[in-house]
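Model the placement of chains B and C on the given structure of chain A, informed by the hints.
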Amino acid sequence: MAEGTLTFSPDDRYNAFLRTVSPARYGEGRLSGVPVAVKDNISTAGIETTCGSRILSGYVPPYDATVITLLKKAGAAIVGKTNMDEFGMGSTTENSAFGPTKNPRDETRVPGGSSGGSAAAVAAGLVPLALGTDTGGSIRCPAAFCGIVGLKPTYGRVSRYGLVAYANSLEQIGPMAADVAHVSLLMSVIAGHDPKDSTSLDAPYAHTPSPDIRGTRIGVPEEFFGEGVDPRVASVVWDAISLLERKGAEIVTCRMPSMAYALAAYYVTCMSEASSNLARYDGVRYGPPADVRKPWHEAFQERRREGFGLEVRRRIMIGTFSLSSGYYGKYYAKAQAARQNVRKDFRRLFAEVDVIAGPTMPTVAFRFGEKSDPLSMYLSDILTVPANLAGIPAISVPCGKVEGLPVGLQIMGRWLEDERVIDVAYAYEQGANP
Amino acid sequence: MNVIVGLEIHCQLDTKTKLFCGCSTDYRTDGPNTHVCPVCLGLPGSLPVLNRKAVEYALRVAKALHCTVPEESVFARKNYFYPDLDKGFQITQYDKPLAVSGYLDIEGDEGEKRVRITRVHMEEDPGRLVHKGGTDRPRYSLVDYNRAGIPLIEIVTEPDLRSPKEARRFLNKLRATLEYLGVFDSEKEGSLRVDANISIEGSERVEIKNITSYKGVEKALTFEVTRQKNALRRGQKIVRETRHFVEARGVTTSARSKEMEQDYRYFPEPDLCPLRVADWVDGIVLPELPDARRQRFMDQYGLSLIHARTLTGDLRLAEFYEKVAGTDPALAATWVADTLLGELNYRDMSISSVPPDVFSGLLSLVRARVITDRNGVDVLRVLLDELKEKGTCESPEACVERLGLRALPADSAGGDDPVTKAAREALAENPRAVEDYQNGRKEALNFLVGQVMRKTRGCAKPADVNRVLVSLLGKGA
Amino acid sequence: MQNGKIGARLKRIIRLHELPSCPASWHNGYKRQRGGYLFSYASGHSRKDVEGMITERDVEHIGMLADIAILREELGEFTASFNRILEYFDILDQVTGDETDEDVAVNVFREDEVVPSLPPDDVLSNAKETEDGFFRAPRVM
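The listed protein sequences derive, respectively, from chains A, B and C. The C-terminal position of the first sequence is numbered 434 in this note's numbering, with every residue numbered one higher than the one before it. The C-terminal position of the second sequence is numbered 1477 in this note's numbering, with every residue numbered one higher than the one before it. The C-terminal position of the third sequence is numbered 2141 in this note's numbering, with every residue numbered one higher than the one before it.
Chain A with its partners taken away, still in its complex shape:
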């Protein structure tokens, strides 16, 4: 296909998009003319980028994120920015300042989050491909809840340049699509070294998924089927793992003791980093202005109260507290030690097994308002955060249903072995849908 424009006027009854671009331009390349939806925390030159927050409403980046540059180079049409929990802080997309997104599989339920808009856009068939971001499960959770595929790549494999930071050391941009092959295709476009991101790795992705997993050793940690995991979900996921065994994989049960404090380590880390990352929204250079007639601190405090939602303010404040003099050692430093323990656990396990499998989420999609207590929402991230703490690749692939709602099978792999994770997910997908 040559260069051109396409009209994009989706029936967005699920509020998946914060804004659409139509006509959308596209160029020549592997994705020529393919509409791609982009989560609203990824900077798009000339297209408003709000992170689902009032504090960035009206902000139009003067530059493209590296992944956007790569998508454009591949000919893709950027057709819209998708809804999300404000700054990625949430697992339901209910924390968007611009209203929640509905789950296309059941409109009374959340699509998961924080990349709920992207997942819903794909699940509703509005776009074949979407970019999400995953800080503690934000790609995999909505992929699982909406019944699509989402990959959190190895940390550093996709450039973060232009991704509005929530928790720098944890987050990655990743592909979301209806099936593994499309996720793999989108990954091949966005992965690669970027000199603008100091944490970027020189590891391009040029893989074609293969369903042959004979001899692959799959570890299944007991903790992934422990307390809090809906037994019906556990059962569906075990069935999926059995299917992989029938395909020639070897199943090994194992233990991951660091899971006990992984979630606390994750939340302390992301809140601490967020408290610093979100300090720049002072209204001086972008976003709604602070009141210049007031003294600085007063104007700034007021602007942050008005601009940030409740959950964002909560995380900024707890993050501030965990970094403050006298508490750093108790919270931030301990969280980093815990993080190293998680890495060590994975290293030990990956000496024995090739991938680790389990459920993506402990339950199926929540009803709206079900997780009004912040801590109970945090707890639902328990199975996804270990991969972010360790920087390893992890994918969620649909593996069946509970009461008509999708369940996700999570596959985690060794550092830089995104290809193997893709293959195992592909093997499941092919095996389940022959």
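Because the hints were derived from the structure by calculation, they are not lab data. The structure presented is a predicted model; accordingly, all values stated were derived computationally and were not measured. Positions of the beta carbon are idealized from the N, C-alpha and C atoms, including for glycine. Treat the hints with care, since some could be wrong.
Label-pair distances were calculated between CB atoms; the ranges are [stated by the list, open to error]: (1) Glu2131/C x Arg1406/B: 52 to 62 Å; (2) Tyr1103/B x Leu2075/C: 51 to 61 Å; (3) Leu2075/C x His297/A: 16 to 26 Å; (4) Glu2131/C x Ala203/A: 44 to 54 Å; (5) Asn2107/C x Arg305/A: 38 to 48 Å; (6) Val2114/C x His297/A: 50 to 60 Å; (7) Val2114/C x Pro434/A: 55 to 65 Å; (8) Ala2105/C x Arg217/A: 53 to 63 Å; (9) Ala2/A x Pro1287/B: 58 to 68 Å.
A few chain A residues that don't get close to chain C, going by computed Cβ distances all over 12 Å [said to hold, decoys possible]: (10) Ser9; (11) Glu370; (12) Gln430.
Showing chains B and C alone in chain A's frame:
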């Protein structure tokens, strides 16, 4: 009452680009916010990437200051809210600085002295604020981020300095060292800022923040010593506090106590990788530093310690001297150190504004006795005034001719040279002085010399005048 | 709070404070004004591990530190959720081990080469308050 001073010095490193982005550092002559990009504006999603040259420069400083470079150093975020801070935090180094435990030898109050350096670390400069509004309180601020992200090194000393004068000497020596290293340009406005900690032994310590000039440091400390000593004499206690130096009035004023309560919530910068550059240090070949050059000036040019110290105390001055030392290094040293520096200082000019060939030309005229020393100084003043005004000047020869300052011949063989003529006139006009001289009052001769110098507008060489007068008086004129 | 407790607290505060590369003077605040928050806390505010709970005053104080205004009616909710969340975080007390990451990349640089800056229109285009090429900000003094 012993004075104890420690300094924290922030210097801009003279790289071509900023510390974490490719924006040019050459912003001083351009309008506000013309040297900014997503990174140094703190736009959402931008990421820092470290300038290798800045690390090399900082390591040169570390090596010159005899520091230890730990195996690993780490950038950290210093979190505080201020509109000149584009990201709401400053990227700096905290618990793992680039270099620690060094020293710098200076000329102290009681001879050579070793000042210990606690640490040297790298950080980014914030932007610049301009306060707008009424005279008593600003209505709002204007922000220019051109300076945001300029690489800084912070050098922290132990509290080893014992007087404001020592602090100034330390700063001068440090500045010279940094310039010799080729990493710093002291002539760039705002390229150096100093925080000073000062206490009277046994009392609380006061921090004076953000002194922006070399002279300001000594002034601020001198004011503070007096203030603290007076307070102690009156039986008052010194409170630990932060004070600001008000350059215009030469005083320090107490900052609000709120600033004391800052909790910077440092943590490692997740967007940057740790540095492991200890092994770079061995590969760094340091240039000749001030102490070595001082010794060389003494050995090579036969200069006195005082002249050698003065001339090597500033890189540009040392380089200027070497260009003009020529065939008569002693004469050049005297003229540069004792005359030129004072004249420059008087005019608030820097040595870089003087073309070495012009000054060499002047020295040649003095050395060949084409002009007298005294008129040489006059010519220099005229040339400097021209330079200050236009940036260029006429040649020293042209200046001498234009002003008619060429030294007068005094070959008294024929007796019709201008000096002899002037001497004859002076004797004729001052019979009283002649009489005094003849009666043994030798100081009358000085008076007569003065008269002759006046008649010749300083163009007669004093030795000639003396010789001619004595000769004429001896003849009974 | 007793001085002894503050001293004990200071000792276990932060790894950052305990490293040998950190000048000893930092402990007593010679070089920097550190610990102000700590002491102001000690002089009047209750602390989590003194009375076991974060109080509304603590939350207000954290709001100040974070530069976020909190509405009166929000205080209760914030205080309650802070307590639940921080209580959950207490599990980290059991963590042992080192926080250093052995296999992290090091020495990532760019060369000192000038890249064009943003066009002036792009610099100011998102700011609502500008003046002669400057951004306008609330007064700081």
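- prompt: Out of the numbered hints, which ones does the structure contradict?
  reply: 6 and 8
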